[in-house]
Amino acid sequence: MTRIFIPKDVAALAVGANKVAARIADEAKARGVSADIIRTGSRGMLFLEPLVEVETAQGRIGYGPVSAGDVASLFEAGFLTGGAHALRIGRPEDHPYLARQTRLTFARCGIIDPLSLKDYAAYDGWRGLRQAIAVGPEAIVSEVTKSGLRGRGGAGFPTGIKWKTVADTKADQRYVVCNFDEGDSGTFADRMIVEGDPFALIEGMTICGIGVGATKGYVYCRSEYPHAAKTFTEALQIARDAGYLGPNILGSGYAFELELRMGAGAYVCGEETSLLESLEGKRGIVRAKPPLPAHKGLFGKPTVVNNVLSLVAVPTILDRGADFYAGFGFGRSRGTMPIQIAGNVRYGGLFETAFGLTLGEIVEDIGGGTRSGRPVRAVQCGGPLGAYFPRSLFDTPFDYEAFAARDGLIGHGGIVVFDDTVDMAKMARFAMEFCAIESCGKCTPCRIGSIRGAEVIDRVLAGVRPAENLALLEDLCNTMKFGSLCALGGFAPYPVMSAVQHFREDFTPRVLAAAE
Amino acid sequence: MPEASAWNAERAAEIIAEHVGLEGPMLPILHALQEEFGHIHSAAVPLIAEALNLSRAEVHGVVTFYHDFRREPCGRHLLKLCRGEACQSMGSESLAEDVLGKLGVGWHGTTKDGELTVEPVYCLGLCATSPSALLDGEPLGRLDAEKISEAIEEARAS
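Here the protein sequences come in this chain order: A and B.
Note that numbering that gives the first Met the number 0 has the first sequence beginning at 0, numbered continuously upward.
Note that numbering that gives the first Met the number 0 has the second sequence beginning at 0, numbered continuously upward.
To be clear, the hints were calculated from the coordinates, so they are not data collected in a lab.
Ideal placement from N, C-alpha and C gives every residue a C-beta, glycine not left out.
The hints are all genuine.
Pairs of lysine to any residue, SDA-like flavour, derived with a Cα cap of 20 Å:
no., chain 1, residue 1, chain 2, residue 2
1, A, LYS215, B, PRO27
2, A, LYS480, A, ALA154
3, A, LYS425, A, MET496
4, B, LYS146, B, SER157
5, A, LYS425, B, ASP97
6, A, LYS281, B, ALA16
7, A, LYS215, B, GLY20
8, A, LYS229, B, GLU34
9, A, LYS295, A, LEU484
10, A, LYS215, A, ASP240
11, A, LYS300, A, ALA166
12, A, LYS145, A, GLY320
13, A, LYS229, B, LEU134
14, A, LYS480, A, MET496
15, A, LYS229, A, ILE37
16, A, LYS281, B, THR63
17, A, LYS145, A, PRO157
18, A, LYS281, B, ARG70
19, A, LYS281, B, HIS66
20, B, LYS101, B, ARG75
21, A, LYS145, A, TYR399
22, A, LYS18, B, ALA154
23, A, LYS18, B, GLY136
24, A, LYS281, B, GLY23
25, B, LYS146, A, SER371
26, A, LYS215, B, GLU22
27, A, LYS215, B, GLY23
28, A, LYS295, A, ILE160
Some chain B residues well away from chain A (every beta-carbon gap over 10 Å; in silico):
no., residue
29, ARG10
30, HIS38
31, PRO45
32, GLU49
33, PRO72
34, GLY113
35, GLU145
Derived coverage of chain B by chain A (criterion: at least 3 residues anywhere in the stretch with Cβ under 8 Å from a Cβ of chain A; other residues may be distant):
no., stretch
36, 23 to 33
37, 122 to 128
38, 131 to 140
Please model the entire structure based on the sequences and the hints provided.
Structure, rendered in structure tokens:
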């Protein structure tokens, strides 16, 4: 029986993977060929989706991007034995896009059946958990600290220090909360890993629970990700039935239980204190810190709040050791970062690599420039609250500190490419508009400043005292930056001010430009 | 998309009772009610308040905070068009203008025949295959005017 692998990652479904799978099944039946179709996560080469792989004597051979109309010709070409075809890419792992990566977090993604415990174990699954049980809580926390892992959600706070704070806070109940409210445009790494390798998140959270003495965990998933939620719900049940969750994990005496909770379309709930309010069943209004969630978090109890990618990195750290993980990276940014290359880009996808590549290498060499074929003009890094970088900053290394030094942020690792048709004044205005829509309303500079910000940009473009209004915009941005509790109001000025700074020509009054 | 049931206070009370034992049951209750009835009926608010020992104002506050919770039913089909930056870089704004114009509705609007509601969404995580949308929960990527019209027609015909 030939095994055929077709992704069921929602990005593959969006470009027709289900139709392709159905057509392959029909065609195989019509030709009397016995084929076993296995639905996997995505390899992350999204420009090749739907990417169909066939198990052959030479290994798995990929074909992509396949449309339903290509299926008959694939059978004609003998693709079940790796036959030649215009869409044949060879072994996916030899494809330059994958060959250049260091896949630690995404090692299994796209290869295994996401809900197969057998596959997960065959690719080193649960080894980190077994090691964690063997060494015990203190060693778990010190190993994660030693690895240099920093929170992958965006803030880059050292994960081990957060865990130690929670472990050291006396309490009758502690919680582990996974922030799966991946709202930044241009990011999809959390979604991909939860769809493609959900047991890795369960394993990482369980290790965290044992490490900090928490017996209960929550995954807070955004409602825009119904497919990921479905896969994760199934994975939870399978893990529970097999004893990887529950009152006595693998007979170790440690207890840990996990529950999935859905958000409801509020971007601000990706901010950790707002997320906790939401989990408690309230409006997602940001809390003032202190107290830190590590001291008083969910229901007032000490709580680890970590991003999906931080937690999924943990099993590798326990299994292969802190030194192995810390051996990758650049400066104080250790380990690997799954970079998400998106927007108007030729080779969009997920690229996991050690920190330190330059922005230009990511956009031009790996991303291959724009999908439209026009010149790259601007790149937004770190989501809707990240700065727009022009080509002149393409020498910036992908690293927390290097980006901060240039008034930018890497955030959750999303990179959105724009070609030369982009109107940067419009993008700056959109940043303000988005902030106004999503503001939780707690801080006046964010709630009202964002609305005024959009109005000020409108006045600049209408030619109403443009110089004065641009100065006012800068002043307003400073008020938002320093007068907001969280990153929504605090960082919305980044896209706005970077657009003004690097693309000033787009802020010329439109009436004047039209008159010329 | 499954048809929503008509409002039924008894059924609503059952749904609330199923979730009331959870830690932080509010959002799970609201999601379950919306799943059943297609929106959060105003009569649900006092029921939830009573069950969770909260004021009606607190429940109302939560319902109105989150973009997902609707206080009116939507059309028979629901199109969520992404307006995130990654989709904008591939022309989603002009695509949206085109779709809304053809349907004769604005954002959050429902066509006159009650068939289709169009809502904005800020990122579906389909950023490398943009522009993107969800139509009745099914993902659509690499969209253009033709593809989206076809998908809408197909949904309306179903």
